[in-house]
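Peer 1: Next come the chains, spelled out residue by residue.
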Amino acid sequence: MNESQVWALEVEDLTVAYADKPVLWDIDLQVPKGVKMAIIGPNGAGKSTLVKAAMGLVKPVAGEVRVFGKSRESAEGQIAYVPQRSTLSWDFPTDVIDVVTMGTYGRVGWFRRCGAAEKKEAEAALDQVGMSEFARRPIAALSGGQQQRVLLARALVQAAPIYILDEPFQGVDAPTERAIIEVLDGLADDGKTIIVVHHDLQTVPEYFDAVLLLNVRAIDSGPVGDVFTEENLRLTFGGRVGVLAASGAGGV
Amino acid sequence: MDIFGDYTLRLVALGSAVLGATSGALGSFAYLRRQSLLGDAVSHAALPGIVLAFMLTGSKVPLVLMLGAGMAGWIGTLAVQVVVRRSRVPYDSALGIVLAVFFGFGLVLLTHIQKFPNAAQAGLESFLFGQAASLLRRDVVTMAVLGAAALLALVLLWKEFKLLSFDPDFAASLGLPVRRLDGLLTLLLVVAIIIGLQTVGVVLMSAMIVAPGAAARQWTRRLAPMVAVAAAIGIFSGVTGSVLSSYIPRLPTGPTIVLVLSVIVVVSLLMAPQRGLLWRSLRLGVLRTAPDLDPVLMHLYALSHQHPDDPDHGHSVAVIRTMSPPEAKVDAALEQLADRGLARRTADAGWAPTPIGRREAQRILDREAGEES
Numbered sequence: 001m002n003e004s005q006v007w008a009l010e011v012e013d014l015t016v017a018y019a020d021k022p023v024l025w026d027i028d029l030q031v032p033k034g035v036k037m038a039i040i041g042p043n044g045a046g047k048s049t050l051v052k053a054a055m056g057l058v059k060p061v062a063g064e065v066r067v068f069g070k071s072r073e074s075a076e077g078q079i080a081y082v083p084q085r086s087t088l089s090w091d092f093p094t095d096v097i098d099v100v101t102m103g104t105y106g107r108v109g110w111f112r113r114c115g116a117a118e119k120k121e122a123e124a125a126l127d128q129v130g131m132s133e134f135a136r137r138p139i140a141a142l143s144g145g146q147q148q149r150v151l152l153a154r155a156l157v158q159a160a161p162i163y164i165l166d167e168p169f170q171g172v173d174a175p176t177e178r179a180i181i182e183v184l185d186g187l188a189d190d191g192k193t194i195i196v197v198h199h200d201l202q203t204v205p206e207y208f209d210a211v212l213l214l215n216v217r218a219i220d221s222g223p224v225g226d227v228f229t230e231e232n233l234r235l236t237f238g239g240r241v242g243v244l245a246a247s248g249a250g251g252v
Numbered sequence: 253m254d255i256f257g258d259y260t261l262r263l264v265a266l267g268s269a270v271l272g273a274t275s276g277a278l279g280s281f282a283y284l285r286r287q288s289l290l291g292d293a294v295s296h297a298a299l300p301g302i303v304l305a306f307m308l309t310g311s312k313v314p315l316v317l318m319l320g321a322g323m324a325g326w327i328g329t330l331a332v333q334v335v336v337r338r339s340r341v342p343y344d345s346a347l348g349i350v351l352a353v354f355f356g357f358g359l360v361l362l363t364h365i366q367k368f369p370n371a372a373q374a375g376l377e378s379f380l381f382g383q384a385a386s387l388l389r390r391d392v393v394t395m396a397v398l399g400a401a402a403l404l405a406l407v408l409l410w411k412e413f414k415l416l417s418f419d420p421d422f423a424a425s426l427g428l429p430v431r432r433l434d435g436l437l438t439l440l441l442v443v444a445i446i447i448g449l450q451t452v453g454v455v456l457m458s459a460m461i462v463a464p465g466a467a468a469r470q471w472t473r474r475l476a477p478m479v480a481v482a483a484a485i486g487i488f489s490g491v492t493g494s495v496l497s498s499y500i501p502r503l504p505t506g507p508t509i510v511l512v513l514s515v516i517v518v519v520s521l522l523m524a525p526q527r528g529l530l531w532r533s534l535r536l537g538v539l540r541t542a543p544d545l546d547p548v549l550m551h552l553y554a555l556s557h558q559h560p561d562d563p564d565h566g567h568s569v570a571v572i573r574t575m576s577p578p579e580a581k582v583d584a585a586l587e588q589l590a591d592r593g594l595a596r597r598t599a600d601a602g603w604a605p606t607p608i609g610r611r612e613a614q615r616i617l618d619r620e621a622g623e624e625s
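Here the protein sequences line up with chains Y and C, keeping their order. Quick note on the numbering used here: the first sequence kicks off at 1 and runs consecutively. Quick note on the numbering used here: the second sequence kicks off at 253 and runs consecutively.
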């Protein structure tokens with residue numbers, strides 16, 4: 001890596017506070033193009049907030065986010081976002097194909113309806129996540145894993161160079177987890193950059209090649225082999241390290 | 253019925269239909285965005301605007317009064333936002349505060365102008381509960397034009413409003429101006445409310461906003477049909493209420509419309525397929541007989557720990573059955589676990605967890621440990 005490298009995502013001196021309480025403190029992060037990076041940290045570490053700040057959904061107190069070297073504002077359409085499944089109202093009256101088609105709304109433009117081309121893209125994305133038969137199913141009738149796949153398909157139709165997923169494996173069944181990982185691997189093979197807020201320490205070395213350890217401050221970030229150490233995990237998670245050694249970092 | 257009575261009825265029915273269509277369509281979005289109380293706050297907040305508009309202009313032209321109502325209602329929504337952003341008062345309390353303050357102020361103004369000897373103010377108090385019989389041709393024309401404009405805006409920005417209502421964060425991530433869209437949709441809701449104030453009144457107007465959407469949601473599974481059905485329910489209630497109140501003496505139109513609407517809501521909540529209470533109680537019966545997978549998986553996982561070096565070691569169904577409560581459907585659960593790739597049959601006709609099943613079980617354990625800590 002040379003000095004002049006353009007990072008896919010670069011966060012500089014980022015501080016975010018809710019009601020005077022800092023949830024992210026002076027974060028610096030460089031995400032190289034084409035990596036699969038996990039964001040790991042205890043509850044309340046600011047993982048989702050970091051992702052939202054990168055998307056421009058929360059306003060930082062200080063700091064900057066750059067996408068491919070440019071300011072975040074000018075990087076519209078560069079990042080496809082998969083929000084946490086549980087933050088959505090799944091009782092909304094719509095069906096699967098409609099939700100996936102929403103991924104094209106940024107491209108379609110004002111006052112225009114989505115046409116056959118958009119529908120075709122949505123069907124292809126549904127096929128990629130193995131949900132083709134569910135196209136006309138109301139979203140209220142989906143299981144947790146199916147919901148997650150639909151959200152992933154919606155991000156896929158955006159065809160963005162960067163994918164940010166917030167807790168995509170939370171409460172999903174094993175086949176869905178496999179399906180998501182396969183899709184993410186495919187995206188990585190196409191040179192896309194993938195950032196995942198992740199919960200399960202055990203699977204970090206298997207699923208990802210880079211990791212950010214976060215607990216309000218950025219403890220460390222870089223390749224999994226260098227950064228995902230017991231020492232760093234202790235710094236990130238504090239006292240609960242006994243559990244960690246047994247379940248995660250010991251295998252690295 | 254003489255010709256004049258017929259004409260009045262037709263006018264009132266037409267006005268009520270316009271009001272029902274707009275409040276039904278726009279109210280659906282308020283319902284889906286869980287902003288039902290906002291409609292209540294806006295309609296109550298409109299009262300001082302109506303009285304002030306009259307005091308400043310001395311006119312009772314509908315457009316003037318609606319403008320006053322709309323501005324007061326809009327200022328009310330802004331006041332709610334300011335309270336929420338600048339203090340620790342939660343959203344619903346802020347709505348309550350704004351509703352009470354504005355409505356109280358409106359009542360004070362209304363009482364104040366009653367003292368004037370001039371009879372021009374007569375009729376303003378009918379905005380409290382509405383007085384459909386006072387609808388004139390120019391009122392209905394104003395309502396129709398405003399309603400058509402609001403519905404046109406809704407159609408033009410349909411996909412943006414849909415996405416805003418379903419997933420505002422994702423809308424923002426696409427680069428849509430979420431705050432401006434949110435403001436516009438709220439403005440359209442204000443328009444829908446002021447259209448109905450003369451007919452239904454500030455006190456009952458919120459029912460016209462919430463109820464059609466709530467009823468329509470029970471019968472539909474997609475947004476466009478839901479909004480269409482809500483508008484149809486609004487129109488039907490408006491027309492039926494007008495006709496009923498014109499044939500039965502001393503039956504006020506606004507409250508009658510709301511009563512018709514309430515009957516539709518109750519029927520919808522009870523009877524609708526899939527979502528209705530009757531349907532759900534039937535379906536709950538089916539769910540109760542479905543096998544519970546997690547405990548069986550946990551037993552398999554626990555058994556597999558006895559043979560850490562031999563992941564293929566199978567355990568008989570009988571063993572798992574003795575570990576389970578007598579009413580558990582162990583065989584069905586095992587089959588379903590196999591379907592999901594979590595368990596498999598072993599060579600010795602027993603059962604073992606798959607690697608995925610083992611991880612799933614560990615995850616359930618971790619989650620339970622996490623909940624206890």
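Hints are not guaranteed to be accurate.
[Unchecked claim] So, partial list: chain Y residues that the calculated Cβ filter (under 8 Å) puts toward chain C:
| # | residue |
| --- | --- |
| 1 | Pro93 |
| 2 | Asp95 |
| 3 | Pro138 |
| 4 | Leu142 |
[Claimed, not checked] Taking lysine to any residue and the SDA-like style, the derived pairs with C-alpha atoms no more than 20 Å apart in a straight line are:
| # | chain 1 | residue 1 | chain 2 | residue 2 |
| --- | --- | --- | --- | --- |
| 5 | Y | Lys70 | C | Ala424 |
| 6 | Y | Lys59 | C | Ser339 |
| 7 | Y | Lys59 | C | Val336 |
| 8 | Y | Lys59 | C | Val334 |
| 9 | Y | Lys70 | C | Gly427 |
| 10 | Y | Lys21 | C | Val336 |
| 11 | Y | Lys120 | Y | Ala159 |
| 12 | Y | Lys59 | C | Gly375 |
| 13 | Y | Lys59 | C | Asp421 |
| 14 | Y | Lys21 | C | Arg337 |
| 15 | C | Lys312 | C | Gly375 |
| 16 | Y | Lys21 | C | Arg340 |
Read the hints as simulated data drawn from the structure, not as lab findings. In this text, all values refer to a predicted model and were calculated from it rather than measured experimentally. Glycine included, every Cβ here is placed at the ideal spot set by N, Cα and C.
Peer 1: Now look at each hint and say whether the structure bears it out.
Peer 2: Each hint, compared with the structure:
Given the 8 Å rule on beta carbons, the hint for Pro93(Y) holds: about 5 Å separates it from the nearest Cβ of chain C. Because the beta carbon of Asp95(Y) sits about 6 Å from the nearest beta carbon in chain C, less than 8 Å, this interface hint is met. The interface hint given for Pro138(Y) holds, since its Cβ lies 4 Å from the closest Cβ of chain C, which is under the 8 Å cut-off. The interface hint given for Leu142(Y) is violated, since its Cβ lies 13 Å from the closest Cβ of chain C, which is over the 8 Å cut-off.
With a C-alpha separation of about 19 Å, the suggested pairing of Lys70(Y) with Ala424(C) holds against the 20 Å cut-off. Distance hint between Lys59(Y) and Ser339(C) is fulfilled; the C-alpha atoms sit about 18 Å from each other, no more than 20 Å. Distance check on the hinted pair: Lys59(Y) and Val336(C) sit about 17 Å apart at the alpha-carbon level, within 20 Å; holds. Restraint check for Lys59(Y) and Val334(C): the C-alpha separation of about 18 Å stays at or below 20 Å, so the hint holds.
Using a Cα cut-off of 20 Å, the hinted pair Lys70(Y) and Gly427(C) holds, with the two alpha carbons roughly 16 Å apart. Restraint check: the Cα-Cα separation between Lys21(Y) and Val336(C) comes to about 18 Å, which is no more than 20 Å; the hinted pair holds. Restraint check for Lys120(Y) and Ala159(Y): the C-alpha separation of about 14 Å stays at or below 20 Å, so the hint holds. Proposed proximity of Lys59(Y) and Gly375(C) is contradicted: the alpha carbons are some 49 Å apart, above 20 Å.
At roughly 13 Å between alpha-carbon atoms, Lys59(Y) and Asp421(C) fall within 20 Å of each other, so this suggested pair holds. Taken as a hint, the Lys21(Y) and Arg337(C) pair is honoured in the structure, with Cα atoms around 16 Å apart against an allowance of 20 Å. At most 20 Å may separate the alpha-carbon atoms for a hinted pair to count; Lys312(C) and Gly375(C) meet this at roughly 9 Å. Distance restraint check for Lys21(Y) and Arg340(C): the Cα-Cα separation of roughly 14 Å lies within the 20 Å cut-off, and the hinted pair is therefore satisfied.
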